[in-house]
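Enquirer: Residue numbers (my numbering), protein chains in the order written: chain A, 58 to 604; chain B, 13 to 242.
The hints are simulated quantities; they were obtained by calculation from the structure and are not laboratory data.
Keep in mind that this is a model prediction, so the values were computed, not measured.
Each residue gets a CB set at the ideal place from its N, CA and C atoms; glycine is no exception.
Take the hints with a grain of salt, since some may be wrong.
Cut-off 20 Å, straight-line C-alpha distance, at most; resulting in silico cross-link-like pairs (SDA-like, lysine to any residue) [what the hints assert, rightly or not]:
1. A:Lys176 / B:Glu51
2. A:Lys284 / B:Asn228
3. A:Lys176 / B:Tyr98
4. A:Lys227 / B:Asp23
5. A:Lys319 / B:Arg84
6. A:Lys304 / A:Lys176
7. A:Lys284 / B:Ala221
8. A:Lys176 / B:Ser116
9. A:Lys176 / B:Arg84
10. A:Lys227 / B:Trp131
11. A:Lys176 / B:Asp23
12. A:Lys319 / B:Asp126
13. A:Lys319 / B:Asp23
Counterexamples of contact, computed for chain A against chain B with all Cβ distances above 10 Å [to be verified]:
14. Asn337
15. Asn393
16. Asn515
17. Arg552
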Amino acid sequence: MAESRFANLKALVIDDFDNFRISLIRMLQEIGFGRVDSAINGRDALRKCRALQYDLVLCDYNLGPGKSGQQVLEDIRLSGLLHAGSLFVMVSAESGKPIVMAAYDFEPDAYLTKPITTKTLGQRLGTLIRQRLEMLPIYRALEAGEIPQAIEACRVYLSGQGRARNQCQKLLGRLLLESQQYEEAEAVYRSVLEGRDLDWAQVGMAIARRGQEDWLGAMQWAEQALKSSPLCMKAYDLQVDLHRDRKDYFAEQDALERAVEKSPMSIRRQQQLGDVAFYNRDMDVAVEALRRAVRLGEESSYDNIDTHLNFVRASAAMMRESSEFPYARDVLKVLNDFEQRFGDAVMNKVAVQSAGALFKSAAGDAPGAHSSIESARQITQEQSLLPSVLIQVDWLDCYDNLDERDAYQQLLEQMQKHYQSDQQALEVMDRLLANPLSETNKRWLTELNREGIHHYENRQYDKAIACFIRLRRKFPRHIGIKLNLIQAYIGKLKRQDDAKLLEKVQALHLSLRRDVPPESESFERYCQLRDALRVLVDERENDNRAR
Amino acid sequence: MITVQDKPTLDFAFVLAASVHDMKNSIGMLLQTLENLSELSVPPPVAEEMGVLGYEAARINSELVQLLSLYRLQENTLLLQVDEHYVDDVLSEQVARNELMFRSRSIELTYTCDPQLLWYMDAELVGGVVNNLLVNAARYCRQQVALSASLHEGELQIVVADDGAGFPENMLAEPVETSASVSFATGSTYLGLYFAAQVARLHVNQSRAGHIYLRNGPPLGGGKAVLCLP
């Protein structure tokens, strides 16, 4: 069976099962590979890949504890340990690709299903390697970083009768998109789509349209792709990007929630969902996604410091709002492991002490919170460091939770002065102010508020309520929004009776008492709403009596 | 205020799927070991017994694969990736996979497919269906099995035929889609055919969906299963 064309190829087998690993090594040797190495886990594999450039990596998807096959693939590709023409083949026990394998950025070149025999392996690798050899001029150009030459080589290949047509079309489309030749890319995808509605070509069309700033066209193509293949994760990812282009963070969150529901194992999607939900102050969603992202990060190159900090922040915010918080242990673990994971640089110490203070203050541990925040602030003073605005906001939230008005007010004034012309910092601080100061948030508040009022006037109370709830999450100290929300609730209650909701709205109204003193300009509206609520309560009582 | 994480509720289908997955790993190991053994020179009676072991293990394996795939189908997490493939690449892989089984049972397998034939399908799933049809044919044939593929009226037809007694009358009558009935009397669950029908159905092109039908008679005089992909 040994063929000379395999003789100068180097292969790496990654499998944690001795039995499988040894058989695979034996098979590859029988097929004729010149060199076959093996690794028992992800770390071992990475070490070997750093020492030698392999032409083929044969990796089991399930590697037991530690990195999964997908994470090994990500590590290897992200650190550029394989050359352009090398093959990464994923071995799995299941036939058909389960959705867990719907990768974010990197996909293996092929999947093999167990059981594997020398014959099946030889046959599949023979096909793959023949294709690679046919496409060698393209890969050589890619290796040398010569994209125009690679594109030209693709065109030459496609004009012939090669059997790797499909791979070559995909590669050509991708290279054209990457070099922003959108019209040429479209031509490639259109010719594929003449044969059949294939999701990857539809996604390609969508990316090309996005590149040409045809937002609507891009969205439509992404939807087409989802129609032909409802689990096409690349199409979901593209929709997410498209919403982000428009700074429509709520739509981005919705799209991410749909994507994550289908593919919960992707750390990148969980991180992005966690971050955007945190930005939107939707803490239930943020906590869930960030907790998963932290877990998935244990073995991933994509793990990052902000995911961990935002998980603690979102948890603190959620804990403040509700009496039940299920993930306290996860938060404590994140705090405990933080320096070991990300290093004990001074800024990391400050960040983790601040996040810890915030969480303790939300959990009702005032002495612990005090000691942590003092320690964080002391470090910054001693080293005369200016921590990021996010960390300073953690301090503010912490003082707020501890009900330390003076410390809160003093720090807030100091920050407002310092950041008065820093739009990005102001965007972060707006949540703590009665009225937003950043241009983006001012505009956004005006728009969504207008939308809410529009719905209210059309008696679409639920839609109006949804707008005002989103606004209130972002600007919890804004009086006008709360009054609008109450008014929308009253509209809904007038139409349909709901005892529980009425109680909730009364409580919301009552909570404003301190913020709307008689001399404030909102006082008149506050009283009108109070009267409207009283009418609703009286009607209910009369109804009950009548029954 | 701080509560410990809720105890997760037991989802039996999930537990079953996980355990099927585990069993499948064991079967894979068993098949691997058998292949290693078959490389050694053993006396013919032993080789025959090993053939039986290999065949039964392959059957369990393909049944488990189908169970898992059906579970994913039901959970809506079965990823269908239709792409353009050389039909020969997909089919000859299944021929190679079952070579040992056919050899050890002294069955003659004829395979016909134009190497240039291109068609649209999920190669993994269709490969799984063809594997199952081959294993099934090996069970019911006398000594011959034929696998072929060709285009008919805008459909790819993959045919697996044998020279056995053919399918029972009641199976020929009804469309395969509805025959997912478990019959303990005959010992057959028809799971394989049900799975094949589901995979075929997932392949849709311009409102035409794939399907599978059964016939008796030509080309080998026994049963014939035809998988049609638009």
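Enquirer: All hints are to be evaluated individually against the structure, with a verdict given for each.
Expert: For each hint, the structure was consulted:
Annotation: proposed proximity of Lys176 of chain A to Glu51 of chain B holds, straight-line Cα distance about 13 Å (limit 20 Å). At roughly 38 Å between alpha-carbon atoms, Lys284 of chain A and Asn228 of chain B are farther apart than 20 Å, so this suggested pair is violated. For the proposed pair Lys176 of chain A and Tyr98 of chain B, the alpha carbon gap of about 19 Å is at most 20 Å, so the pair holds. At roughly 40 Å between alpha-carbon atoms, Lys227 of chain A and Asp23 of chain B are farther apart than 20 Å, so this suggested pair is violated.
Between Lys319 of chain A and Arg84 of chain B the alpha-carbon distance is near 12 Å, which keeps this suggested pair within the 20 Å criterion. As the CA atoms of Lys304 of chain A and Lys176 of chain A are separated by approximately 53 Å, the hinted pair breaks the 20 Å bound. A distance of roughly 15 Å separates the Cα atoms of Lys284 of chain A and Ala221 of chain B; the hinted pair therefore holds under the 20 Å criterion. Proximity of Lys176 of chain A to Ser116 of chain B is assessed by CA-CA distance (about 15 Å); at most 20 Å being required, the pair is judged to hold.
With a C-alpha separation of about 29 Å, the suggested pair Lys176 of chain A and Arg84 of chain B falls outside the 20 Å cut-off, and the hint is violated. Taken as a hint, the Lys227 of chain A and Trp131 of chain B pair is honoured in the structure, with Cα atoms around 17 Å apart against an allowance of 20 Å. At roughly 39 Å between alpha-carbon atoms, Lys176 of chain A and Asp23 of chain B are farther apart than 20 Å, so this suggested pair is violated. Restraint check for Lys319 of chain A and Asp126 of chain B: not satisfied, since their Cα atoms lie roughly 38 Å apart, outside the 20 Å limit.
Restraint check for Lys319 of chain A and Asp23 of chain B: satisfied, since their Cα atoms lie roughly 18 Å apart, inside the 20 Å limit. With a minimum CB-CB distance of about 25 Å to chain B, Asn337 of chain A clears the 10 Å threshold, and the non-interface call stands. Under the 10 Å C-beta cut-off, the non-interface status given to Asn393 of chain A relative to chain B holds; the minimum distance is some 16 Å. The claim that Asn515 of chain A lies off the interface holds: its Cβ sits roughly 36 Å from the closest Cβ of chain B, which is beyond the 10 Å cut-off.
Every beta carbon of chain B lies more than 10 Å from that of Arg552 of chain A, the smallest distance being close to 36 Å; the non-interface claim holds.
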